[in-house]
Amino acid sequence: MHPYLAGSEDRRRMLEAIGCSSVAELFRTLPGEVRCGELELPRGRSEEEVRREFWALAGRNLAPDCAASFLGAGVYQHVVPAVADALLQRGEFFTAYTPYQPEVSQGTLQAIFEFQTFVCQLTEMDVANASLYDGATAVVEAVLMAQRLAPGRKRVVVASTLHPDWRAVLDTYCEAMGLTVTATPRDSQGRVDADALAAALGQDVSAVVVQSPNFLGVIEDLPVVGKIAKAVGALAIQAVAEATSLGLLAPGGRFGFDVVCGEMQAFGIPAAFGGPHLGFFAARRACLRQMPGRLVGETVDSQGERGFVLTLSTREQHIRRAKATSNICTNHGLMALAATIVLSLLGRRGVREVALASHAKAEYLKAGIRELMKGDVGVRLAFPESPTYNEFLVLHDDPERLLARLQDELILGGVATTQFGDMFPRGFLVAATEKNTKADCDRLLGALRRPA
Amino acid sequence: MADPSDRFYTHTHEWVQVSGGQATVGITQYAQEQLGDVVFVELPPAGKKVGKGEVLGTIESVKAVSELFTPVTGEVAGGNAALESHPELINQDPYGAGWVVKLKVAAGAADGLMDAAAYEKFVAEEGGH
Amino acid sequence: MSDGRLREREKLIFERSSPGRVGYQLPALEVPAPDPARVIPSRLLREEIADLPEVSEVDVVRHFTRLSKWNYSVDEGLYPLGSCTMKYNPRINEEVARYPGLAQLHPLQPEVQIQGALALMWELERALIAITGMARVTLQPAAGAHGELAGMLMIRKALAERGAQRNVVLIPDSAHGTNPASAVFAGFEVVEIASTARGTLDLAALARRLDVGDVAALMVTVPNTLGVFEPEIVKAAEMLHASGAFLYMDGANLNAFVGVAQPGRMGADALHINLHKTFSTPHGGGGPGAGPVAVSAALEPYLPVPMVERVADRFTLNYERPKSIGKVRGFYGNFSILVRALAYIRSLGRDGLRSMAEGAVLNANYIRTQLEADYHLQYTEPSLHEVVFDDARQAENDVHNIDIAKRLLDYGFHPPTMSFPLIVHGALMIEPTESEGIEELDAFIAAMKAIAREARENPELVKGAPYTTPVRRLDEVRAARQPVLRWQRP
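Protein chains in written order, with my numbering: chain D, 442 to 893; chain C, 18 to 146; chain B, 26 to 515.
Treat the hints as calculated values from the structure; they're not laboratory data. A few of these clues could be false.
As the list claims (entries may be wrong) - Calculated from the model, a selection of chain B residues having no Cβ within reach of chain C, i.e. all distances over 12 Å:
1. A58
2. V64
3. K94
4. E119
5. Y124
6. Q138
7. R161
8. I427
9. S444
10. R481
11. D500
12. R503
13. A504
14. A505
15. R506
16. P508
Stated by the list, open to error - Using 30 Å as the maximum straight-line C-alpha spacing, the simulated DSSO-like pairs for lysine-lysine come out as follows:
17. K138/C / K80/C
18. K764/D / K815/D
19. K94/B / K348/B
20. K764/D / K807/D
21. K488/B / K80/C
22. K595/D / K94/B
23. K764/D / K65/C
24. K121/C / K69/C
25. K348/B / K80/C
26. K182/B / K36/B
27. K879/D / K815/D
28. K876/D / K80/C
29. K80/C / K182/B
30. K815/D / K671/D
31. K36/B / K94/B
32. K876/D / K764/D
33. K764/D / K119/C
34. K36/B / K488/B
35. K595/D / K66/C
36. K66/C / K121/C
37. K876/D / K815/D
38. K69/C / K138/C
39. K764/D / K80/C
40. K65/C / K119/C
Model, not experiment: these values are computed from the prediction. C-beta atoms are modelled at their ideal positions from N, C-alpha and C, and glycine is treated no differently.
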C-alpha cells in the first residue's frame with residue numbers, strides 16, 4: 442500500500458475484469474534471464490523520514506544566504522519576489538506537460554508566448570523560442586544553426602572569454618559534427634582583440650561567438666565585433682550569461698547580430714547547485730525555419746477567439762526526425778514560466794532598476810578595491826580601465842588560499858579562475874547584485890584589506 | 018477530379034508536363050489531399066542540377082513534411098514564387114496555379130513515366146496509406 | 026475565452042499594462058548610484074525598455090491564476106499521454122527540493138561546503154544502478170533526448186578508440202523522433218529498420234544489416250513504443266556485441282518493469298532514464314526534466330565529467346577522466362530534479378517501486394480489455410504499461426484520431442498521444458500510469474465508449490469537437506502560414 446498507488450480492492454476488481462489471477466501473469470512476456478530479484482534499495486519510507494534524510498543532506502551544505510556571497514561565473518543571485526514561487530506551485534502549471542492539445546493548455550501556451558515576447562524585447566530580436574536547457578546548450582544550438590545555414594563552412598570562431606564550461610560543451614558537440622572550433626584572443630583590456638578576430642575569420646567560418654559581458658566581466662564592443670563577423674558572412678552570435686545585464690546594455694540585436702542567446706537564470710531562477718536553469722534563444726526572422734526548440738504562435742479558434750498553439754513544428758524531431766533542427770523535446774518550460782512571472786513583476790522600471798543596482802554594487806566594490814590597490818595588499822583589478830556590468834576579475838597570486846580565509850569569515854568572496862586551468866589570469870571573479878548589502882560589501886573589502 | 022491527361026505521373030505522386038525543353042512539376046490531387054493544408058514550400062535554387070528521383074524541395078503541412086522528388090533529370094529554371102505567400106495554391110489548384118518547379122530538360126526526359134490512366138490505377142491499388 | 030460567465034477573457038500581460046504600476050520592491054541601494062555613462066561608453070548602453078509591462082503584484086497574481094485555470098493537468102485527472110508517463114507529482118518532493126541548503130547552492134562553492142549535495146547525487150546514482158543493473162550513471166543530461174545524445178557520443182568515442190569505422194545507427198521505424206535526431210547530432214547516419222508484422226524487432230533484418238560491418242549501434246525502446254516487450258532483446262544484444270556494435274536503450278518506458286526486470290540483464294550498453302517520467306518529477310508544462318544515462322562497464326570510461334566519487338567519507342567531483350566525452354551542459358545536472366527523484370525512490374522503496382510497475386501494467390491492461398470491443402488494435406501482442414489503439418473503425422465514418430481526441434476534451438480528459446508510433450496509422454497511445462484508481466479509469470473508458478458510439482451515430486458531432494473547452498479547435502494552418510510569435514505594441 443502506498444499513497445501514490447491504487448488500492449488492493451482496485452487491483453482485485455481489475456484483475457477479475459481482465460481474467461487474470463495475479464499481476465504476475467501480466468509480465469509473462471518477460472523471459473527469466475531479464476528478471477531481477479528484490480531491488481537492493483531500502484524499503485519505502487514515510488514522508489517524515491524522507492524529510493529527515495533530506496534535511497540532513499541539506500544541513501551538510503552551506504547555503505549562500507548564510508554568508509556574504511559574491512559568487513557569479515555564470516550563476517547569479519538576485520532578489521526573487523515571494524509571489525513567483527507561489528504561482529509556480531500551482532498544480533495546473535507544473536503538473537501539465539507540453540501543450541500538445543492547445544484547447545486545454547492555453548495557460549501554458551499564453552505564458553510561453555509572453556516569454557517569447559519578453560526575450561525579443563530584451564534582445565531586440567525578431568523571434569525567440571520557448572526555452573532551451575541552459576546557456577551552454579543555447580550557444581551550441583546557435584552554432585549548429587549557423588552550420589545548417591552555411592553547410593559548406595566548417596569552422597567556428599569563439600572568443601577566448603566565452604564561459605569555459607560553455608566552450609567545453611561546444612567542443613563536445615562540434616567534435617561529433619566535424620566542426621573545428623578556434624578561439625580568438627583577448628586584448629590587454631580583457632576584451633576580444635578586434636584585429637586578431639578579423640585576422641582569424643575567413644569564408645570557411647560559419648559562426649562567431651562573443652559573450653558580453655564576457656566571462657571576465659568585461660563589456661565587449663559589440664558594434665565592432667558584429668561588423669567584423671558580418672563582413673565574412675558568418676552568423677554573429679552574442680552569448681549572454683548574466684541576463685539582467687540586458688536591462689542596462691544594448692543587445693546584439695541592435696548591432697547586426699543574428700542570434701542573441703544564453704542563460705536567463707538571473708531572472709528569478711534559483712541557483713540550485715547548477716540546474717535546472719534557463720536557456721534562451723532569439724534570432725532574426727530570416728533564421729526562423731532553422732531555429733531549434735518549441736515555438737508558440739498566435740491564431741484564432743473556430744469562433745474567431747484569439748488562442749495560442751505550438752507552431753512550425755515541422756522543424757522539430759517528432760516530425761522531422763533525422764533532419765530536425767534539434768533533438769530537443771522536453772525543454773525547460775517551468776523555468777521559462779518562472780522568468781515570465783518575474784519579468785512581469787519587475788516590468789519596465791524593475792528590469793532597469795535591478796540592472797542599475799547590480800552595476801552600482803559592483804562599482805562600489807571596484808572603488809573599494811582601487812583604494813586597496815594603493816596600499817598594496819596583493820589584490821588588483823585585472824582590467825581597471827574596462828567597462829564592466831556586475832562582475833569583474835580581481836588578480837591575486839593565490840586566490841584559493843585567499844578565498845579559503847574569507848570562507849572562515851563566512852564570506853564567499855568570488856570564484857577562483859585557477860579551477861579553469863591557466864586559461865585566465867590568476868585571481869577571482871567577484872559578482873554583485875541588488876541582493877548584496879552595503880554591509881556585506883564592506884565586510885568583503887575589510888577582509889581583503891587585512892593581511893593573510 | 019480526374020487527373021489531367023496532358024501530363025505524366027510518378028509513383029511518388031508528382032506530375033510533370035514537358036513542352037519545348039521545359040518541364041513543369043507539381044504534386045497530384047491525391048498527394049495534396051493526403052498532405053492536408055500546405056503551410057510552407059521549400060524551393061530549390063535556380064541552376065541546381067538534379068537527376069531523376071532526387072529531392073527537389075519539400076512541401077510542408079502542419080503535421081508533416083513531404084519531399085518533392087523530381088520526375089525528370091534537368092536543371093532548375095525556377096520555383097513558383099507565388100507559393101511563398103500563398104502555399105494554399107497547391108491545395109486549391111494542384112495542376113494549375115499550384116505548380117511548384119520548372120526545369121530545363123532534354124528530349125525524352127519524361128519517358129517511362131505513367132500516364133493519367135496508369136496513375137489512377139496505381140492510386141486505387143495503393144488504397145490510401 | 027470564457028468559462029460561461031460574462032467576464033471579458035484574460036489578455037496578455039503586456040495588454041494589462043498601466044503606466045505607474047509596479048510589481049516589485051528592491052531593498053535600499055545604500056551605495057552611490059553612479060551614472061553608467063560615466064564608466065560605460067554610451068553607444069553600449071540602452072534606455073529603459075518601453076514595451077515591458079507595468080503591472081502590480083495583484084495584476085500578476087490574477088493574470089497567472091486565470092491562465093492556470095485554462096490548463097488541464099495531472100492534478101485534475103487522468104492524463105493518459107502515452108510514452109510520457111504522466112503520474113502524480115508528489116508534494117513532499119517539492120518541499121525537500123526547496124530546502125535552502127539544496128535550492129540555493131551555487132555550483133562553484135568549494136567542495137567542503139557542498140558535501141550534502143554531492144552525497145545526494147552519489148546516493149541517486151547508487152539507486153539508479155540498483156534499479157537498472159548497469160555499472161555507472163551520469164546525472165548530467167537535462168532530458169531524455171539529451172541523454173540519448175550523451176549515450177551516442179560515448180558509443181562514438183568507444184568505437185573511435187578501437188579504430189572502428191562505423192558510422193551507421195539502426196533505429197526501428199517505431200522509434201520516438203528524438204532517437205534519429207540524437208543519432209544525427211552525435212555524428213551518425215541513421216538507417217531505419219522495419220518492424221516485424223508483430224511490431225517487434227526484426228532479428229533477421231538486424232543480422233543482414235550487421236553483416237555490412239558499419240553498424241555502430243542499435244537504438245531500441247524496451248518495452249517498445251507499442252507497449253510490447255521485445256521478446257528477443259537479449260539475442261539482439263548478443264548479435265550486436267558479437268559484431269562489435271553497441272545496444273542503446275531508450276528508457277522512456279522504464280515504468281513498465283522497474284523491480285521486475287533490468288536493462289543491465291538485457292545487454293544494454295547505455296540507457297537513458299527519464300526522471301520526469303518513471304521517477305515522478307513534474308512535467309512542468311514542458312520541462313525541466315532530467316535524463317541520466319546508465320552505462321555498462323564497456324562505456325564507463327567515456328562518461329561525461331565530472332562524476333561524483335566517494336573517498337572515505339568525503340565526496341568529490343572527479344574531472345580526472347581522460348577518456349570522457351567531456352561536458353554536455355553547464356555544471357553537473359538538473360540538481361533540483363535529481364533531488365525530487367531521490368525523494369520519490371526513498372518514498373516508494375524497493376517494494377513500492379515494484380508495485381508501481383505492477384500498477385502501471387495492470388491499469389493499462391484493464392483499459393485494453395475494456396476498450397478492445399470499441400477500438401481497433403493493429404498489434405495484438407500483450408501490452409505492458411501502455412496500449413496503442415487506432416481509429417480504423419471510426420475512420421469508416423470519417424472520424425479520425427484527432428476528432429476522438431478533441432471530443433475526449435469535452436468529456437473532461439486529456440487525450441492519449443496521437444500519431445505515434447508511426448507504424449500505426451491513426452494511433453491513440455494510452456498510458457494511464459499506476460496513479461489511477463478504478464473509478465477514474467472507468468470514467469475514461471465510459472467516455473471512450475461514448476465517443477465510439479457518437480462516431481457511429483453522429484460523426485459530425487465528434488468532428489466539431491471540442492465544444493466545452495476554453496477555446497474551440499484552433500486554426501493551426503493559419504499559425505503556420507502566418508507565424509505571429511510575439512506581441513507587438515499596436
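Check: Which numbered hints does this structure break?
Finding: Structure breaks hints 8, 9, 11, 12, 13, 14, 15, 16, 18, 19, 20, 22, 25, 26, 28, 29, 30, 32.
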